[in-house]
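S.K.: Below are the chains, spelled out letter by letter.
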Amino acid sequence: MGVTALCHYSGAPALLAFLCAAIAVALLASLVGRSVEQLGDRFGPGATGVLQSALGNLPELFICLFALRAGLVDVVKAAIIGSILANLLLVMGLCFLTGGLKHGTQKLDSNRARAITVLMVLSVAALVLPSLASYVHTPASDHEETLSLVASVILLLLFMLSLPASLKKGSTDLSDANHMPGEPPRWSLATAVILLAMAAGAAAFVSDWFVHALEPAMAAVGISEAFAGLVVIAIAGNAIENVVGIQLALRNQSKYAYAVVINSPLQIALVLAPLLVILSQTLGYAAFTLVFSPMLVVSVAIAVIMSAFITFDGESNWIEGAALIAVYGVIASSFWWG
Amino acid sequence: MGVTALCHYSGAPALLAFLCAAIAVALLASLVGRSVEQLGDRFGPGATGVLQSALGNLPELFICLFALRAGLVDVVKAAIIGSILANLLLVMGLCFLTGGLKHGTQKLDSNRARAITVLMVLSVAALVLPSLASYVHTPASDHEETLSLVASVILLLLFMLSLPASLKKGSTDLSDANHMPGEPPRWSLATAVILLAMAAGAAAFVSDWFVHALEPAMAAVGISEAFAGLVVIAIAGNAIENVVGIQLALRNQSKYAYAVVINSPLQIALVLAPLLVILSQTLGYAAFTLVFSPMLVVSVAIAVIMSAFITFDGESNWIEGAALIAVYGVIASSFWWG
Amino acid sequence: MGVTALCHYSGAPALLAFLCAAIAVALLASLVGRSVEQLGDRFGPGATGVLQSALGNLPELFICLFALRAGLVDVVKAAIIGSILANLLLVMGLCFLTGGLKHGTQKLDSNRARAITVLMVLSVAALVLPSLASYVHTPASDHEETLSLVASVILLLLFMLSLPASLKKGSTDLSDANHMPGEPPRWSLATAVILLAMAAGAAAFVSDWFVHALEPAMAAVGISEAFAGLVVIAIAGNAIENVVGIQLALRNQSKYAYAVVINSPLQIALVLAPLLVILSQTLGYAAFTLVFSPMLVVSVAIAVIMSAFITFDGESNWIEGAALIAVYGVIASSFWWG
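Chains as they are written, first to last, in our numbering: chain A, 1392 to 1729; chain B, 1392 to 1729; chain C, 1392 to 1729.
Keep in mind that the hints were calculated from the coordinates and are not lab data. Misleading hints may appear alongside valid ones.
What the hints assert, rightly or not - Computed from the model, here is a short list of chain C residues facing chain B with C-beta under 8 Å:
1. Ala1595
2. Leu1670
3. Asp1704
4. Asn1708
5. Glu1711
Glycine included, every Cβ here is placed at the ideal spot set by N, Cα and C.
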């Protein structure tokens, strides 16, 4: 925190300030994630799942809320979709590439991976339907906010319905895929609760700073709002998933790596995006609806269908990883121009 | 019939008359289905398949034809797509939900289910291609009727080619999935033929009445033509598949439930829709082409891709069922506004 | 060559000249393919793969380059997509149809087929992304050439990365699927090299002639540029894959047939199309970008998703073959009108 504070209060140029903020966000996101995991271990794997679903995206939620308060609606929309793309294409591609180069063809076919994938595809479909209705179905485009609200309520309802099942360890348990085996709890209950509270508070503070640092940095580098949200924020927000996934892939635990990576877009579609719709209307911030720009919808549709085919393939190798990164590269390039 | 006749000739309000007509249609659809099944049992399972393919959609065909005669082209188009959506999302979702809550994770992976799914996806692709050509390929949009006719002839040809294979029990047998095991024939041949003829005749009569009751009911409730076709008619027309599918799922026969549900969209794409194109032109009714509104095409594409992923997953649980119903809910909401 | 020369210099009508040119192209494509295979056998299966990837599409590359020099950009774009469609729908449909009628349900599920399919889907996605960005993302549509160049460089990089792996026989070996078992080398090294050089030279000559014969033939028959590229050139260019695939399917070697057919679209997306983008800009021919007309993108998306579902089904029968041909028929019909 000393270094980041230094950046904040020194006269460092806009880009450096933003980089510091991004690193601070990533570190706090990691701390929130670890506190949630340690806390969950006290109550069993089901509770971990519930806590992770509810609190794991807390730093991203703060960033998006502060950005909405600052009126950066297009940045937030791009960041939501960009986060799904970064997980399904970039992080997954890096996992396949590093894991494949070290261990050859890796298996990833487990019943759980396929069940999570089907749910992820269904949730993302519900997430983008208001966009599609708004583009091509004239009567619905006049009711964009209502339709987004209906879809958000349906998605959150689905999430809440799935919570009781997650509390019992079972086959319908969606979220405890994040829980890696063989990692004993090391923190005391008090430590975990206190660290979680502190990390959450700090995340709120740092997110505000991150959003303030974003606009000067965008101006300094001259990148578009869409590119900033889609690539920069999405990669900063998913840095930890990235590192964890690659570590697991290098340890040849590709099944766990895959479950971690595929679970994140599910949480975004099922919790984060619907919550933002409801909170932005409740708090009176800039109206955030589920009507994304067409290229975002096209990109996420391609990413979701690709990753479903990869799950059903059941094997990965490094060339598939390289191809996923290639698709991500082409999509990111499309958004380069403002 | 006494009750329905009562509704028809009494001064009951528009909505009640429509509800009576809808129930009468559903009951007659069930009677036609059972007569066809009983008749088919006399000639072996292959013949059942052929008869069901040819006659099973008779009530829906009558409704659509009478609606076209009344000039309700948009209602019919929405009803065709809505029928596919209702089967693939709503009925399948209810099967997974009820079956999953009672029996936990259910298996549905059989070679037959996957073969039917592949054919269903291919047929629906051929069905929606004229729409896509009409939106995005300017030269084709001037020849919408010719292109629809070409696609319809190709689809019906494909259906007729598949009939001889259905007559022999074999692996390419598409339709006898409807035939549940352990249900002995109980009706005599004469009973089956007479009941089928009567049911078909009554279906024609009741369909006419259903269409007449539809317009005042739409006006009374204030729903749009698209919503009436997509949701109301589609659910009324598939009430029986709904009940049968859920019963099978509750009896833990999820493989049969799945085959029943996935077979219906195949029949619609392969027989019902192409037949309507040809009959509407032959009989001089309002021109029915295969150019559906874009939101209908988008919705059916999502539904078809979802259900293919679910088939290839090979397992279902109640949360997947809830997610399917959620996607159906968002699609239906999009069509609420006229 | 005597016959083709005769056609060229006699006063035969436009259509006959074009047919002669098409047959000559198909024969030379076959000769190039066989020379490459014989040459590769000297150096092991890995080298065959590399040579086939690099040289196998040589005749198609010549045709496209000469057509671009003649300014026929739309014909070339349609031919690129048409070649993918012809392989995935028509050739595959004919393989399933003939193989299925002779041998019943055929298995095609091998790990290799699924790995190639996933790569093919990813490459085609990267290939069509610049088109999608150009239609729906306004800022990108002003930078169509740059974005196409970026995507082409990424695709060629992916291809070059995969070459070293292809040189070692291994599980990531993409291309040696073309190598059928039990066919001993019969030509000497010198014969193979000389024949390859001669065939390549003749292919360049004949391709030039083919492009010159195309325009009068199009005018004579009155077909549109899109139809000529999508159907006529694509079928002429893939005549050999067609014959080889059907022969393998009839010999009940459906796994090999499938790998041959699915490998061709991968090569087109990974090598042929990106090379055309770079060469057309380097040689100063008519600018060829990766922005295809929307109906081409829609058709290729449907074909790619269909064939992925079929690969993951793992079985084929003749009705699936007929349905694939039906989808091809509807797509080809859409492009009939200019």
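S.K.: Taking the hints in turn, state whether each one holds.
M.R.: Hint check results:
no.: 1; hint: Ala1595; verdict: violated, 33 Å
no.: 2; hint: Leu1670; verdict: violated, 28 Å
no.: 3; hint: Asp1704; verdict: holds, 5 Å
no.: 4; hint: Asn1708; verdict: holds, 5 Å
no.: 5; hint: Glu1711; verdict: holds, 6 Å
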